[in-house]
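What follows is each chain in one-letter form.
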Amino acid sequence: MSLASQSLTTLRSQLASGDISSRDIVEDTIAQIISRDGEIRAFISHDPETALQEADQADLSLPLGGIPIGIKDNINVLGQPCTCGSKFLEGAYTSPYDATVITKLRAAGAIPYGRANLDEFAMGSSTENSAIQITENPAAPGHIPGGSSGGSAAAVAAKLIPATLGSDTGGSIRQPASHCGVVGLKPSYGRVSRYGLVAFGSSLDQIGPLTHCVEDAALILNAIAGEDPRDSTSLAVKTPDFTEGLDAGVSGMKLGLPKEYFTDDIDPEVRERVESAAKKLESQGAEIVEISLPHTEYAIATYYIIAPAEASSNLSRFDGVRYGNRAENPANMLDLYQNSREAGFGSEVKRRIILGTYVLSSGYYDAYYRKAQKVRTLIRQDFENAFEQVDAILTPVSTEPAPKMGSAAGNPLKHYLADIFTISANLAGNCGISVPLEPVKGLPVGLQILGPHLGEQTILKVGRAIEG
Amino acid sequence: MVDHTIDVRYVANLARINLSEDEIERFEEQLQGVMEHIAKLSEIEVEEVEATAHATQSSNRVRKDQPIPGIGSEAFLQNAPDQGAGQLRVPKVVDA
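Just so you know, the protein sequences line up as chains P and H, in that order. Residues 15 to 482 in the working numbering are what the first sequence lists, from first letter to last. Residues 4 to 99 in the working numbering are what the second sequence lists, from first letter to last.
The hints are simulated quantities; they were obtained by calculation from the structure and are not laboratory data. The beta carbon of each residue, even a glycine, is placed where N, CA and C say it ideally should be. Heads up, none of these hints are tricks.
The calculated lysine-lysine pairs, modelled on PhoX-like cross-linking and capped at a C-alpha distance of 25 Å, are:
no., chain 1, residue 1, chain 2, residue 2
1, P, Lys173, P, Lys418
2, P, Lys273, H, Lys43
3, H, Lys67, P, Lys252
Beyond 10 Å from chain P on every Cβ pair, some chain H residues (computed):
no., residue
4, Glu24
5, Glu28
6, Gly87
7, Ala88
Covered stretches of chain H, as calculated for chain P (at least 3 residues, CB under 8 Å):
no., stretch
8, 9-17
9, 72-86
Between the sequences and the hints, there should be enough to build the whole structure, so can you do that?
Structural data, given as structure tokens:
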């Protein structure tokens, strides 16, 4: 069995006993990528030389000492390219600094390794919007890996690397984790610093781990969580040890099934898997109750105003002046902006910038953006009310298992509507995790466990109970 | 019936993006579908509801006014498409 296929806990004990070295793990990861990633295309680039040097200097006494972790290609790692899956930055950008999560991973002894593919600027849910390459779903060839952290999920599912980081703005960690059959955790808003993550929707984005198991997600969250003076939205709260009490079980917990989520739109077998998971937890002593999140039907409309609005503002920095590719021979400044952005951005990014610019434009701001912010409050309150009754919420991650590649081409609304179960957690700022269930017709399916704000310990416990 | 058409050509100019005629036509049609879905929000009354700008509702957090080192102009300019004399170089802004 390859080292890249093993859990962090297993690797740590093998490192501690001296059976293996950090170099062994990094060499295995490099070998896995070189021999097998040509077909999967999870990684856009990787840098063996730097990683091997870091492996030889790794401090194995640290919690993640000597373990390589893949990084979504929208998180800055000093000296490495950061393409965001875009032609705008491809071949034209080398990160001049480490994102805070990278600084923290290094402090925990980990070795950031490889740049994982994504939908361009994290906009999409199939990784088909990457301008660099298309990623295969290793668990279901011919099917999308999900997205936008599709490369991060596929890399773990294909056992190319022990774990990866992704980012989640509307489900971009949880949905690819579900489609590829791995664990994916979106921390609560403010739990993890966003400094050095290329911003998409600043009030929604969070970085989180994709891993082989729940315990690994807890170990990585331990390393990356915490207040950061460079991100004023990171919270000044104590970071608990997320591995503590992981096996405490769900006895006495109250878990909610939101009635608005179990509609006829769900694939009946996906629904059956989620209901079976609830029964399993019930048999372990949890109480399962029906709850209501009444504003669910407005979540997609709200999200597709707020996220593009924030994106249109955030992506104004890609103007061909400061970094990235600049259009040739511009006649004047306006020309430089317009031509660089035309050539650099793909269709989905352009579409969202247009939508976002429109809802923020004079005369429409109150009707769309302001209104969406108010509905966002109602969605947040739905969850606050729900979490007064239950400890966590159980839902599907997606209405169906991973669709075939190309199945939603040319119909962005179809793609957007598929995000229904994941986006509310971003609007409300809650945490959520996707944990693999029994596949449907050979295709992976995840259970989403949603927790209250800063309720990661609870959802990790429930996730562990599902695995066990 | 409310018109949900976005004048894509006009908005693209605001966003400083050139679009081809084909893209303008395609986006207009695709975004019309999205705007029709978004119109669902007109069903709910939110007059008395406070807006949520940020999930954690924090505001005006300030750090101590202490200088910390940044990445420095040299490192920054390594990614510049065009530069000179420690500055970013761009086409002439003011017409003669």
